[in-house]
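Chain B: place on chain A using the hints.
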Amino acid sequence: MTTKRCNGVARALAAWSAAGLLAGCTGTIATNVASDAPAGGAPNGSGTGGPSGGTSPAGGSSGTGGSSGGAGSGPTAADCAAETGAALKIGRSRLSRLTRTQLDHTLRDLLGVTGSPSSALTPDETVGPFASNALAVVTDLIVQQQQEIAAKVALDAEARMAQIAPCELATGDACVREFITTFGSKAYRRPLLDDEISAYTALFGVGGRPDNGFRLVLEAMLQSPFFLYHADVGPAGTPSATPVSLTPYELASRLSYFLWDSMPDQTLFDLAAANALDDDSTLESQVSRMLADSRAKDMVPLFHLQWLDIGPTELGSLASAEPDLTQAMLAETSDFANAVVLDGDGLLSTLFTASYSYPRGGLFELYGLEQPANFSDGTRVMLDASKRAGVLTQPGFLVKHYRGDAEGSVVHRGITVRENLLCTPIDPPPATVMATALPPVQGTTARDRFAAHETGACAGCHEQMDPIGLAFENYDGIGRYRTTDGGVSIDATGELVAAGDDLSGSFVGVVELGQKLATSRTVADCAANQWFRFALGRIESPDDACSLKALHDGFAASKYNVRELVTKLVLSDAFRHVRAVGAEDTQ
Amino acid sequence: MSRMHRPRTALSRRALFKTLGVSAALAPFVPLLNASGQEAKRPKRLLLVFTPDGSADSDTSAGPIDWKPEGTETDFTLHEIQAPLTPLKSKLVVPWGLKMSVKGAGEQHAYGSAGMFTGSLLKDPGNGADFDGGNGHRTGWGSGPSVDQIVAAGAGPDMPYGVTPDAATQETPYRTLELGVQCGSPTSVTRVIYKADDTPLHPETDPQAAFDRLFGSFMPPADPAAAQAAAEQKKREQTSVLDLVTADLKRMRTRVSFEEYAKIDAHLAGIRALEQRLDTTMPVETSVCTLPERPASSGKYANNANFPTEAAAMLGLIPHIFACDLTRIASVQLSCGFSNVTHTWLGHTDAHHTMSHQDQDNRDKLMAIDNWYAAQLYTMLQALDDIDEGDGTLLDNTLVLWGRELGTTSHAMQPWPCVLIGGAQGALRAGRFLDVSQQPSAKLLVSILQMMGMDGTTSIGNIDTETGPLSQLA
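In order, the protein sequence lines correspond to chains A and B. The first sequence begins at 338 in the working numbering and counts up by one. The second sequence begins at 2 in the working numbering and counts up by one.
It cannot be assumed that every hint is accurate.
A few chain A residues that don't get close to chain B, going by computed Cβ distances all over 12 Å [as the list claims (entries may be wrong)]:
#1 Ala629
#2 Ser713
#3 Ser723
#4 Asp822
SDA-like mimics (lysine to any residue), calculated; alpha carbons at most 20 Å apart, straight line [as the list claims (entries may be wrong)]:
#5 B/Lys235 with A/Asp548
#6 A/Lys523 with B/Arg252
#7 A/Lys489 with B/Leu243
#8 B/Lys301 with A/Leu639
#9 B/Lys236 with A/Glu659
#10 B/Lys301 with A/Glu659
Just some of the chain A residues that point at chain B, by a computed CB distance under 10 Å [claimed, not checked]:
#11 Ser453
#12 Gly824
#13 Ala917
Just so you know, these hints were derived from the structure itself, not from any lab. Even for Gly, the Cβ is constructed at its ideal location relative to N, Cα and C.
Okay, chain A solo, but in the shape it has when bound (with noise of 0.2 Å):
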């Protein structure tokens, strides 16, 4: 398979600026050198300069992304029936490290532990825009990362011994036993062998004391690779090229790392031991209670934050200079999202359009608004529906995607609704060109310096992301609202080019961008996508076509209801099986 190209325009090796300015943008274009993407599409991490999060659709099969529409060229309803049983295909699962918030939520719900252990480690790798650590090796830094951070947790949880334990530990042997037996089955997340249960019952005792006994069975429990990774393989114990079901256990966990980032409840374990779980009346009404659960208002926010590309980890130099703005933005986002996905209509189409938001400090002054006497942070604000509308208005947002001047932003914010909200990858530009920036001139808006852009080689593929970008002019580097650029009125006129029937066409501003976006069954099979990479840490493959469609079909049913998705994806075939041998991908 070939990834999608923009106009022909062929990648390649590229004397190229990140910063996306292609005034001198001319020369020859060189043949395609490197390789295309692999099967199952190319996730996009999030690099630190570059564009970022952005991300490929799947293989052809999928009819995935892409500008189609989501009509393209899937698997039909009948095709999707006949692949059961041993039919059946599904992606393949990679064994994978939690990542940094899962490890700090799985540490607060098994011990209790507040703050951010897991920043002692080093930062986590990517798969699309989402944080998943399923590609490279550990390291012998991560590795004694990891075990600094169990020997300091099982060192402070010593003084919570009495509540962690079920019984008195200095009671002798008994207790010890179902001490390691209970909470074993906790860390582990299935219940704990025999064999490991009497290794863990030898490594008590060598502590001499309860408390010491206690803490070296905390840490090597926190460094046991079974606390550590996802590793599911299904009920043989083996691998399997073909999919198989879930365990119980497995499914408990998968559930639960994808609607809370964190380990399972008890109500989980139960079910996994009454192998009770894998219905879809029980799934259905888990997915309801975990999403009103309080540990869902951390999911939902990390789903978006990283979905828009918002990471805290860089929100540019504000980051630094105003600490409070920035996480004052942040908790925006994720105030909203929570507001939207999890306690109101809970659709696609309210993200790109609601006119009220959830500002706090600083934010106020940047919309121009007065705080309200009394205000509590996470209070709904009406804003001015002919400025703001949904995510893409809000700072976080627009601050992100500034790159220090408008030229840069004009194409990055244009990249990234391309990227991360249709699944259109942008092409890297072609050999040869000298990227570089026009000067802010007095009495020109960027308008007029990315007129360079509209011809030769590089129209092919900007004219898929300036025109976006452009109509995010009214907003400033921190996104307060602007009329004007360089003493200039702006013309926030917008275009979506190539973007399929539903998109394509022009539109003024972001408000009216939202509408469109809203509207778009591209954009909606976009999210569906991202939110399988996210609930499962992995690009879809095409052997996860049946899955897709039956998610994208389920999201519209909902009228693109994002909770109804989430069950429609929990209750998919790739969400409840697991294929861990990769041998077998088809290309």
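Coordinates of chain B only, in the frame set by chain A:
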């Protein structure tokens, strides 16, 4: 100021500990004495330093700057971008004009990062690794070990280590140490040190975590006998914990796909390194091996304003690390390709990389950044040179390579701005500026391998192979 910070007279409360006499488990780690108690030859050390982006170029018609030193081979003046190193001019070599032996997927920041110290290709996406290598170019990881890791894997009489890494008893607690400051999340543009094909090594980026790990066990107990008992108990406990984790890893290995064995094996290797360290007695403070100040923590997320403090702290650990023989091979990575650092302390308002591509002439600002990095490096180098070792200084026993992932800010890969500093125990004939224009940088890497004791090595990496060494260095 060159000799003002000589630490040899430092005699802290902890230094006194050594004179109290310690028992076997806490026996002083005395690498500098051989078996018969004679003063042995000081070990060779290797240090790689990375700073981001190329030398200041200009996208205007003003053209590129030429940072070539002025003068002759032995009588020369350093350009502004290296000027802070001038006091150490007699102990460095500027090989001017090298063409970087780098190539592969992605764009220059990415394959420059993956190739600069390895001489190896940055791979196309594959084997699961597939991420943004800059501007939407997708890449995998690099394809070969960096020069420091090659040296670390070997052993020999003229090398930093006399025994191989699999030997039961290691000469230092750490075979190598990778340190960094604000290096970003793992991608091909943010990693420069590779253990092997597909195996980037992440730097520790919290100076306080590095300090605690390396120097935490230096803290002297008030009661040596109690300390010994505690140390023995701790070793017994940790051995038991790690044994259990090892057993779990081996059990998990029987449950995962063969495609995941590498992950389990890497984790097992990490556990083995922890176990080995339990058998390596940690250093004891002496007049040479002194404790650095405990730095502040960098926290969870990079804070631009703290970059200078963190850089100074990380670089400041290096002389102590080498003097205490915690490792003999280290690297310090300051920021990463596409550096988002805004040098506000130099009055800048735009990030380093952003400024490197603005149309306005930013050469003065970009050179100020280069100059600033050189000054940070100088402080560390001078501290190395302030520590006496035998006839010379610690710096004389060390070889330092300072490199960057680009030649110029406009992505030319020649001339590579790099500097060699130190002596490698006389192997580096220093105090010279060499015009080695258009020669592949792989030659310099081969020379480094040879100077570190790998005499027979004539090739590195998979781009410019069998180049032999840089003959002008000899």
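We went through each hint and held it up to the structure:
At roughly 29 Å from the closest C-beta of chain B, the C-beta of A/Ala629 stays outside 12 Å, upholding its exclusion from the interface. Distance check on A/Ser713: its Cβ is at least 26 Å (rounded) from any Cβ of chain B, clearing the 12 Å threshold; non-interface status holds. Non-interface status of A/Ser723 relative to chain B is upheld: no Cβ of that chain comes within 12 Å, the nearest being about 32 Å off. Interface exclusion of A/Asp822 from chain B stands, the closest Cβ pair being 17 Å apart, more than 12 Å.
A distance of roughly 14 Å separates the Cα atoms of B/Lys235 and A/Asp548; the hinted pair therefore holds under the 20 Å criterion. Restraint check for A/Lys523 and B/Arg252: the C-alpha separation of about 19 Å stays at or below 20 Å, so the hint holds. For a cut-off of 20 Å, the pair hint linking A/Lys489 to B/Leu243 stands: about 16 Å separates their Cα positions. Distance check on the hinted pair: B/Lys301 and A/Leu639 sit about 16 Å apart at the alpha-carbon level, within 20 Å; holds.
Between the alpha carbons of B/Lys236 and A/Glu659 the distance comes to roughly 46 Å, so the proposed pair goes past 20 Å and is violated. A distance of roughly 16 Å separates the Cα atoms of B/Lys301 and A/Glu659; the hinted pair therefore holds under the 20 Å criterion. With a cut of 10 Å, the hint placing A/Ser453 at the interface with chain B holds, because the nearest CB-to-CB distance is about 6 Å. With a cut of 10 Å, the hint placing A/Gly824 at the interface with chain B is violated, because the nearest CB-to-CB distance is about 19 Å.
Among the interface hints, the one on A/Ala917 holds; its C-beta lies about 5 Å from the nearest C-beta in chain B, closer than the 10 Å criterion.
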